[in-house]
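J.: Here is what each chain is made of, one letter per residue.
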Amino acid sequence: MAESSTDTKEDKGTKGGSGSGRPAPTPTSHSKLTSEHGNTSIADTVVAKIAGLAAREIPGVQSMGAGMSRRMGQLRSLVPGNGDGLSRGVSVEVGEREAAVDLDLVTWYGQSIVEVSKAVRSNVIDRIEAMTGLKVVEVNINVDDVHVEGDDDEPESRVQ
Amino acid sequence: MTTVMRRGRLAQALRDAVIAVPGVSRLVGSGAVEVAAQFPGGKVPGVDLGADTPAVYIAVSRLPVGPVAEWALRAAQEAMAAAGDDRPVQIVVADLDVDSLPRQE
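The listed protein sequences derive, respectively, from chains A and B.
Take the first sequence: its position 128, counted from the start at 1, is 128 in the working numbering, and no numbers get skipped.
Take the second sequence: its position 41, counted from the start at 1, is 41 in the working numbering, and no numbers get skipped.
Hints may be right or wrong, so weigh each one.
[Unchecked claim] Residues of chain B clear of chain A, computed beta-carbon distances all greater than 12 Å:
#	residue
1	ILE19
2	PRO22
3	SER30
4	GLY31
5	GLU34
6	GLN38
7	ASP48
8	GLY66
9	GLU70
10	ARG74
11	ALA81
12	ARG87
13	VAL92
14	LEU96
15	VAL98
16	ASP99
[What the hints assert, rightly or not] Looking from chain A toward chain B, a few residues come up when the C-beta cut is under 7 Å (computed):
#	residue
17	SER35
18	GLY38
19	ASN39
20	VAL106
21	GLY133
[As the list claims (entries may be wrong)] According to the in silico footprint, chain B covers these stretches of chain A (three or more CB under 8 Å from chain B):
#	stretch
22	45 to 58
23	108 to 118
Bear in mind the hints are in silico, worked out from the structure with no lab data behind them.
Glycine is no exception: its CB is placed at the ideal position from the N, C-alpha and C atoms.
Same shape as in the complex, but just chain A (with noise of 0.2 Å):
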């Protein structure tokens, strides 16, 4: 998607003979986040935490991640400095317009799956779109294990 882009661009610079050497701002573009002025490229990892951020608003959402990840998560939450966490269990492909958001993510027994990813869905979104000004072409959810209260809950101590 960008290559096409800059390949258009390019064309239209030298069909059109400016002789400036730079190529002439497409006037089609509805992105944005290009402008005649210049161009703002947003990383991966903003967009992914945007949308572990998004995720996590959702009541029904108990934790993200595929298993292993996690699980090592929960190690290294323990280190200091060595990251949030918030972009677990998010992979995002991010082009110059448009983002496409995957999820990995853990529901509590009991709750509807269909409800939870839908209110997920249109919140991740919402979010990306209100806050980068990408298009989101597809959030595809995954969700990864259903949370069963009291399942993780740290055993008893013997001694008082």
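Chain A is fixed; fit chain B onto it per the hints.
T.: Coordinates of chain B only, in the frame set by chain A:
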């Protein structure tokens, strides 16, 4: 208006409209599978926006049940229309609050 705001506000509007109907004692969100509309930072129990047809789960404290459900449906339809949503809406009588029923002499 964004979709998330629409979701949250629609759920709250449906709850407020239906709970105001005389004979509707509460919305029912508990069960084997929780019925609740979820949005960032909260949920509205008893309102199901996950299905194609939104549904409101009510407990009734006035007999006969039929007219109460009918009024609740009308209230829900008005709330949907006010929110600019033209989908049909469904009322599910999920419980009967016997304690709040008038005593039969």
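J.: Compare the structure with each hint and give your call.
T.: Comparing the hints with the structure gives:
1. Every CB of chain A is more than 12 Å from the CB of ILE19 (chain B) (nearest about 20 Å), matching its label as outside the interface.
2. Here PRO22 (chain B) stays apart from chain A, with its beta-carbon at least about 29 Å from theirs, past the 12 Å limit.
3. Not every CB of chain A lies more than 12 Å from the CB of SER30 (chain B), the least distance being 9 Å, so the non-interface label is violated.
4. Not every C-beta of chain A lies more than 12 Å from that of GLY31 (chain B), the closest at about 9 Å, which undercuts listing it as non-interface.
5. At roughly 5 Å, the least C-beta separation between GLU34 (chain B) and chain A is not larger than 12 Å, which violates its mark as non-interface.
6. Not every Cβ of chain A is farther than 12 Å from the Cβ of GLN38 (chain B); the closest lies at roughly 4 Å, contradicting the non-interface assignment.
7. Distance to chain A contradicts ASP48 (chain B) as a non-interface residue, since its nearest Cβ pair spans about 7 Å, not more than 12 Å.
8. With a closest Cβ-Cβ approach of about 28 Å to chain A, GLY66 (chain B) is found to remain outside the 12 Å limit, as its non-interface label requires.
9. Once the 12 Å rule is applied to beta carbons, GLU70 (chain B) is consistent with being away from chain A; the minimum gap is 26 Å.
10. Every CB of chain A is more than 12 Å from the CB of ARG74 (chain B) (nearest about 25 Å), matching its label as outside the interface.
11. A cut-off of 12 Å between C-beta atoms confirms that ALA81 (chain B) is not in contact with chain A; the least separation is 22 Å.
12. Its beta-carbon lying about 14 Å from the closest one in chain A, ARG87 (chain B) satisfies the requirement of being farther than 12 Å from that chain.
13. For VAL92 (chain B), the non-interface assignment is confirmed: its Cβ lies about 14 Å from the closest Cβ of chain A, beyond the 12 Å cut-off.
14. Look at LEU96 (chain B): its CB is around 23 Å from the nearest CB on chain A, clear of 12 Å, so calling it non-interface holds up.
15. Annotated as non-interface, VAL98 (chain B) keeps its C-beta farther than 12 Å from every C-beta of chain A; the closest such distance is 25 Å.
16. Against the 12 Å criterion, ASP99 (chain B) stays outside the reach of chain A, whose nearest CB is about 26 Å from its own CB.
17. The beta carbon of SER35 (chain A) comes no nearer than 24 Å to any beta carbon in chain B, farther than 7 Å, and the hint placing it at the interface is violated.
18. Annotation: GLY38 (chain A) was flagged as interfacial toward chain B, and the flag is violated, the nearest CB pair being 28 Å apart, outside 7 Å.
19. The interface hint given for ASN39 (chain A) is broken, as the beta carbon of that residue sits about 26 Å from the closest beta carbon of chain B, more than 7 Å.
20. For VAL106 (chain A), the suggested interface contact is broken, since its CB lies about 15 Å from the closest CB of chain B, more than 7 Å.
21. Hint status for GLY133 (chain A): violated, given a least beta-carbon distance of 14 Å to chain B, over 7 Å.
22. Against chain B, the stretch 45 to 58 of chain A contributes 3 residues with a C-beta closer than 8 Å to a partner C-beta. That satisfies the three-residue criterion, and the hint holds.
23. Coverage of the stretch 108 to 118 of chain A by chain B holds in this model, with 7 residues showing a Cβ closer than 8 Å to a Cβ of that chain against a need of three.
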